[in-house]
Amino acid sequence: MTEMERDRFRMLMMKALDGELAGSEHSEFENFLRTSECAEEWAQFRKVKEATMSLKFATPAPEVWDTYWTSVYNRLERGLAWLLLALGAATLFAWGALLAAEALWNDSGVPLLMKIAIFSVAGGFFLLLFSVIRERWFTSRHDKYNEVIR
Amino acid sequence: MNTSLNDDDLILRAQRGEKEAYGLLVRAYMQPAYYSALALVGSHDEAMDLSQQAFIRAWMAIRKFEVGRRFFTWYYRILRNLCLNRLRDRASQAAPMAHFDHVLDVADDEQDPSLEADRALLRDRVRTALGELRPEEREIIVLRDFDEHSYAEIAELLECPLGTVMSRLYYARKHLKDLLEDLS
Numbered sequence: 203m204t205e206m207e208r209d210r211f212r213m214l215m216m217k218a219l220d221g222e223l224a225g226s227e228h229s230e231f232e233n234f235l236r237t238s239e240c241a242e243e244w245a246q247f248r249k250v251k252e253a254t255m256s257l258k259f260a261t262p263a264p265e266v267w268d269t270y271w272t273s274v275y276n277r278l279e280r281g282l283a284w285l286l287l288a289l290g291a292a293t294l295f296a297w298g299a300l301l302a303a304e305a306l307w308n309d310s311g312v313p314l315l316m317k318i319a320i321f322s323v324a325g326g327f328f329l330l331l332f333s334v335i336r337e338r339w340f341t342s343r344h345d346k347y348n349e350v351i352r
Numbered sequence: 024m025n026t027s028l029n030d031d032d033l034i035l036r037a038q039r040g041e042k043e044a045y046g047l048l049v050r051a052y053m054q055p056a057y058y059s060a061l062a063l064v065g066s067h068d069e070a071m072d073l074s075q076q077a078f079i080r081a082w083m084a085i086r087k088f089e090v091g092r093r094f095f096t097w098y099y100r101i102l103r104n105l106c107l108n109r110l111r112d113r114a115s116q117a118a119p120m121a122h123f124d125h126v127l128d129v130a131d132d133e134q135d136p137s138l139e140a141d142r143a144l145l146r147d148r149v150r151t152a153l154g155e156l157r158p159e160e161r162e163i164i165v166l167r168d169f170d171e172h173s174y175a176e177i178a179e180l181l182e183c184p185l186g187t188v189m190s191r192l193y194y195a196r197k198h199l200k201d202l203l204e205d206l207s
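If you're matching them up, the sequences are chains A and B in order. One rule links them: number in our numbering = place in the first sequence (from 1) + 202. One rule links them: number in our numbering = place in the second sequence (from 1) + 23.
Among the clues, some could well be false.
Simulated DEER-style distance windows between Cβ atoms [stated by the list, open to error]:
(1) B:Ala114 / A:Arg277: 24 to 30 Å
(2) B:Asp147 / A:Arg338: 40 to 46 Å
(3) B:Ala84 / A:Ala288: 47 to 53 Å
Hints are computed from structural coordinates only; laboratory data are not their basis. In this text, a Cβ means the ideal position worked out from N, Cα and C, and glycines have one as well.
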């Protein structure tokens, strides 16, 4: 049997297992089954199909479905709450940081070199944070291997 | 699972911000959503969490949805990505893969005492083997044999041609067959 015929047989075999054979494909498939190699593979795959068909997913308790939408709704609301909380916290933090920076800059007791060092550390920290966030965001949007399980 | 006029109406209302309408959509699709997630991650709690999370993401993007398309097909892509990401995280944390022993049940109630022991053994093997398949292999077997989707529906859900559906099914079943032979 050529590779092309084998591929054709496999395709017909899947259709036959799943009841998707079209009219003329029945006789084509039966012709394949005249060879022992195909008949043997067909018998093995039928057993596999029977085995999977003997199982089904366990049904969860009915109350799971009764509370399903409520749970989605609550999580939707909480999502909004988290967003507001994060926005508020970020604004407060930015405002506090600005005040602290202003106070530090105007404090004559701190040497200029120390002021520059503190601003460098803070500036470096925020640049790193921004870079990591941007990289993560960009990767999540553009990674074509996103669905590949590594 | 066809998109009906009712679905379109609910989606239009959801796009206007009506959560009640979206709630009806969620109730209509929560069961296939849950079972689809279960097929991929193999754990009740995670399937519940991920299917709900996907509904939340779908709600946030509902304005981008083109009315007239099948809602579940669109939703399924969101869900599938979430599940595959969860599996990837699990693999990177070396967490144990889920077992399918507790989420798979017996489909028929036919009781023949003389065959029951053999059948029980075979079912145990199938459960174990299904758990050992790659998620994508398990997914396509579940879509066909458990959820009984047609090839055309599977092609739409997985965004691939019909020929690819048959080819993936063949290799998934072949792998399952090999695993079952190893187990016996």
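Each hint, compared with the structure:
1. Between alanine 114 of chain B and arginine 277 of chain A the beta carbons are some 26 Å apart, a value that agrees with the proposed interval 24 to 30 Å.
2. Distance hint check for aspartate 147 of chain B and arginine 338 of chain A: the Cβ-Cβ separation is about 43 Å, which falls inside the suggested range of 40 to 46 Å.
3. Between alanine 84 of chain B and alanine 288 of chain A the Cβ separation comes to about 20 Å, which falls outside the hinted range of 47 to 53 Å.
Of the numbered hints listed earlier, the single one contradicted by the structure is hint 3.
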